[in-house]
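Asks: Residue numbers (this note's numbering): 58 to 239.
Treat each hint with caution, since some may be false.
Using C-beta positions, here's what the derived DEER-type ranges look like [what the hints assert, rightly or not]:
#1 L61 x P146: 32 to 38 Å
#2 A235 x G162: 41 to 47 Å
#3 I69 x L127: 28 to 34 Å
#4 M58 x G174: 38 to 44 Å
#5 M58 x E198: 36 to 42 Å
#6 V78 x G201: 34 to 40 Å
#7 E70 x P156: 35 to 41 Å
#8 R84 x T59: 28 to 34 Å
#9 W227 x E199: 34 to 40 Å
The hints are simulated quantities; they were obtained by calculation from the structure and are not laboratory data.
Just so it is clear, the structure is predicted and the values come from calculations on it, not from any experiment.
All residues carry an ideal CB built from backbone N, CA and C; glycine is no exception.
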Amino acid sequence: MTELERLKKIIIELSYEKRNVTLASGRQSDFYFDGKQTTLHPEGGYLTGKLFFEAIRDVEGVEGVGGLTLGADPIATATSVVSFLEGKPIPAFIIRKEPKGHGTGAWLEGRKNFKPGSKVVIVEDVVTSGGSSLKAIKRAEEEGLVVLGVVTLVDREEGGRENIEKEGYWLKSIFTKAQILA
Numbered sequence: 058m059t060e061l062e063r064l065k066k067i068i069i070e071l072s073y074e075k076r077n078v079t080l081a082s083g084r085q086s087d088f089y090f091d092g093k094q095t096t097l098h099p100e101g102g103y104l105t106g107k108l109f110f111e112a113i114r115d116v117e118g119v120e121g122v123g124g125l126t127l128g129a130d131p132i133a134t135a136t137s138v139v140s141f142l143e144g145k146p147i148p149a150f151i152i153r154k155e156p157k158g159h160g161t162g163a164w165l166e167g168r169k170n171f172k173p174g175s176k177v178v179i180v181e182d183v184v185t186s187g188g189s190s191l192k193a194i195k196r197a198e199e200e201g202l203v204v205l206g207v208v209t210l211v212d213r214e215e216g217g218r219e220n221i222e223k224e225g226y227w228l229k230s231i232f233t234k235a236q237i238l239a
């Protein structure tokens, strides 16, 4: 079994739920991908980091990976750790939902690993409409980073790719909804 096949199996076992749910986009759906169940699993997290690193390894100039807390946290960390193990260290960052209420008042954790203009990739567990990705892009750019594109574990194929590309960024997905459900 390949690493991709193994990760798909873990996603189906831990993250896919057939039930009615309201998504972060506000849309109703009859299924749910809870990506954190996979990305916080020992093997699932490792495989996620490995496959995300492979997805960005050849993207020219990548200097960081990160995204909105909480879905991006384990992905950014796993990708960063794998990048170190592979000899091409890429630091991670986390974008808070609200600025830190004390101390620095920072929106972005991991700031000292980046200079203004650092080129980064936003990571996500699931993309539906692309709204969370675009929010992460906006916040990262407000913090002085240059966003190249987005990598997601699962693209639900509900307009997210089109919305992200319309804003001038690329989207790479490890899996699409169709691939998971096939």
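Asks: Hint numbers the structure violates, sorted upward?
Replies: Failing hints, ascending: 1, 3, 9.
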